[in-house]
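Student: Going down the list, the protein sequences come from chains A and B.
Its first residue numbered 0, the first sequence is counted upward by one per residue in numbering that gives the first Met the number 0.
Its first residue numbered 0, the second sequence is counted upward by one per residue in numbering that gives the first Met the number 0.
Check the hints yourself; a few may be wrong.
Stated by the list, open to error - Computed cross-link-like contacts, DSS-like style, restricted to lysine-lysine with a CA-CA straight-line distance of at most 27 Å: (1) Lys148/B with Lys273/B; (2) Lys404/B with Lys144/A; (3) Lys273/B with Lys368/B; (4) Lys320/B with Lys310/B; (5) Lys144/A with Lys368/B; (6) Lys107/B with Lys310/B; (7) Lys144/A with Lys161/B; (8) Lys144/A with Lys157/B; (9) Lys144/A with Lys240/B; (10) Lys144/A with Lys148/B; (11) Lys161/B with Lys368/B; (12) Lys52/B with Lys157/B; (13) Lys293/B with Lys52/B; (14) Lys293/B with Lys144/A; (15) Lys368/B with Lys293/B; (16) Lys194/A with Lys101/A; (17) Lys144/A with Lys405/B; (18) Lys107/B with Lys148/B.
Source of the hints: derived by calculation from the structure; they are not laboratory data.
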Amino acid sequence: MKKVQFKSKYIPYLFVFPQMAIILIFFIWPSAMAFYYSFVLEDAFGISSRFVWFQNYQDTIFNNDYYSSIIFTFVFSALVTLFSLSVGLLLAYKTNNIIKAKGLYRTLLMWPYAIAPAIAGLMATFFFSESHGALYDFLNSLGWKFDPKSDPFDAQVMLVFVASWKQISVDFIFFLSGLQGIPKSIMEASLIDCKSAVKRFWTIVFPLLAPTTFFLLITNITYSFFDTFGLIDTTTRGTPMGETRTLAYKIYQDGFLGADIGGSSAQSVILLLFVLIITIFQFKYLEKRIHY
Amino acid sequence: MRSKILFFVAFFMATVNLSATTNITWWHAMGGRLGEVVNEMANNFNASQSEYKVIPVYKGGYEDTMTAGIAAFRAHKAPDIIQIFDAGAATIIGAKGVVYPVAKLFDKYGVKFNPNDYISGVRNFYADSSGRMIGSPFNSSTPVMYYNKDAFKKAGIKNPPKTWEDFEAMAPALKKAGYIGLAQSLSTWTSAENFMSRHNLQMADKDNGFAGFATKLYYENPAMDYHWDKLRAWTLKGYFKYFGRGWADNQQAFYDQKVAMWLGSSGSFGGLKKGAKFNFGTTYLPFWKKFIKKGAQTFIGGAALFVFSGKSDKEYKGIAKFLQYLTSPKNQYFWHKSTGYVPITKAAYKLAKEDGYYKRVPDAEIGIKQLSLPTQKWTKGYRLGNYVQIREVMTVEFENILNGKKTAKQALSDVDKKGDKLLKRFAQTYR
């Protein structure tokens, strides 16, 4: 085989440079800054700055509000991931077998993907508002005293609902293409072997979708960790009782609204660690069980 | 070639000539109608002289404006003037050398200035411990009570409540007539900070934070405990309802005639007048007779204009002129009339009176009257760091009280505990 090689050994570096520059400027540099600021106490305007070792971490960790934020973030992410994955898969499986108006169904189901989280949040505000919200009235007519403005549980339900709804279409698209990637021959063979559609799904289709599911699991978790910011900021803003604050939203509140740079940097570093641990765990334990 | 050089020289001279007018940038948080009034005032100033040009820039809400100012200052691109709200005052004043105090500015650039020209509630809030003004008060408001006159008539009530005891007595009649008695916006402001002021209670140590960095809050006290337990009890009885932390949601309940009374800002008056489809009136913030014989003065709310340090002499001269222009009686009266914010100088207040404005719109005077009550020991204001976060803590704890999760005493002592931590952090950072 002919070996293709650049004449100068510097050219490859040139090609890698743009990507590396982006990573350095937008990922490594800010993370390094956050790491630095997490060890100092500095006033908002940057006039005086003092190294305080781990005080910012101590102040963060020994704070009950931080725990409720951690618990909310994890429960919220788990629920959003669960709902959007399962509904997305269900819809993809069903539309894959549709014969008439296939394209129409698919297009309509993909639509919410195009809605920005902040817009989804504004829509939710209207739907769940006390003075003119259709869903608010509906839930209350069922006998549930639904009031997301003062009941934290109701607010959390609302957020899980909207965040999942928004993510379903993403999962739908990926599952659909995953389903279409399954060879027809396998499907036909399974059809001969087994009559039960449910059994066929769990023994043949689902395992074959595992790589897609795994990929979506990670993206859905990062989505609910970070991308739901816009949704929260336009709906509950962390209320009521501060029980709808994801870790990312708390960082914003403390750092940008409260001008506490050290504290919010410490929280950022902790969040970074969380995400790192989750991702390592997923790759280490889950990926092993997946066959591409 | 020569002609080209000549052209560039001429071009250069022309640009130099153009920049003879000094630009003064002013970042503010006044959206909607308020923003229009701000622009109008800046345009009038620009038209009145040719040396300076004020460029107002809307930067979003109060918090957004402050964040933008912080980021700009750190990047050495600070505007000349920035509007900072009451809860953020300590942050900008505490950072040494960020602000050029207006008292000093006026002194140096020959603007005649006497703090006593300002009405008492305004004078102290943005001043240092010796009474020298650091920020120039701009949009000032204070919490007042709005009441639905039609609802009162239906329930057979003649006068609005003066005290909370009065309120409690009339709430059942209102309930019978189909109204929830009360809603309030920004509870931290209407039913905590100004509750303390109205009852002449100390809010924090170190003279409410004016004499140094305060590290202790005094929100947990018999009067506050009593009041917040009452709010919880009234919630259960249907005399009071909390419509969430959003300002507008609580105001909406008043608009929709769900509630008969609403605690809002004196600055809300103009908007209400336009939108309400019923007769309403304005009255003083109620107080508990049980705790004070006569309600004291309330704090000023709203925001002040701060001047950034590190600008040129010429710019400062222009800034001083512009601030003087803004506080002139004529402009203050204009501002007061078009927005509902209170006039901040005695002269402007006098002008409004002489013009017969309060004869035409008596409700517009309540805010300024309440602010002009004699100054007492604990009614001057507060200067507390990390106060944006402290308000966050307060909101959460107040919701705990109203939901019945905690008693007022528990929740308020938690406010103090968490608040003290935040205050200490601030003292440690800014010392």
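Student: Against this structure, judge whether each hint is valid.
Tutor: Here is how each hint holds up against the structure:
1. For the hint pairing Lys148/B with Lys273/B, the CA-to-CA distance comes to about 16 Å; that is within 27 Å, so the pair holds.
2. Under the criterion of a C-alpha separation no larger than 27 Å, the hint pairing Lys404/B with Lys144/A is consistent with the structure, at around 17 Å.
3. Using a Cα cut-off of 27 Å, the hinted pair Lys273/B and Lys368/B holds, with the two alpha carbons roughly 23 Å apart.
4. The hinted pair formed by Lys320/B and Lys310/B meets the criterion: a straight-line CA distance of about 15 Å does not exceed 27 Å.
5. A threshold of 27 Å between alpha carbons decides the hint, and for Lys144/A with Lys368/B the separation of about 42 Å lies outside it, so the pair is violated.
6. Restraint check: the Cα-Cα separation between Lys107/B and Lys310/B comes to about 14 Å, which is no more than 27 Å; the hinted pair holds.
7. Proposed proximity of Lys144/A and Lys161/B is contradicted: the alpha carbons are some 34 Å apart, above 27 Å.
8. For a cut-off of 27 Å, the pair hint linking Lys144/A to Lys157/B is broken: about 35 Å separates their Cα positions.
9. Restraint check for Lys144/A and Lys240/B: satisfied, since their Cα atoms lie roughly 15 Å apart, inside the 27 Å limit.
10. Between Lys144/A and Lys148/B the CA atoms are separated by roughly 31 Å; this puts the pair beyond 27 Å, and the hint is violated.
11. With a CA separation close to 14 Å, the supplied pair Lys161/B and Lys368/B stays within the 27 Å bound.
12. For a cut-off of 27 Å, the pair hint linking Lys52/B to Lys157/B is broken: about 53 Å separates their Cα positions.
13. Taken as a hint, the Lys293/B and Lys52/B pair is broken in the structure, with Cα atoms around 48 Å apart against an allowance of 27 Å.
14. Taking the CA atoms of Lys293/B and Lys144/A, the gap is near 41 Å; set against the 27 Å cutoff, the hint is violated.
15. Distance check on the hinted pair: Lys368/B and Lys293/B sit about 14 Å apart at the alpha-carbon level, within 27 Å; holds.
16. At most 27 Å may separate the alpha-carbon atoms for a hinted pair to count; Lys194/A and Lys101/A meet this at roughly 24 Å.
17. A C-alpha spacing of about 21 Å is found between Lys144/A and Lys405/B, which places the hinted pair at or below 27 Å, so the restraint holds.
18. At most 27 Å may separate the alpha-carbon atoms for a hinted pair to count; Lys107/B and Lys148/B exceed this at roughly 52 Å.
Going through the hint list in order, the structure does not satisfy hints 5, 7, 8, 10, 12, 13, 14, 18.
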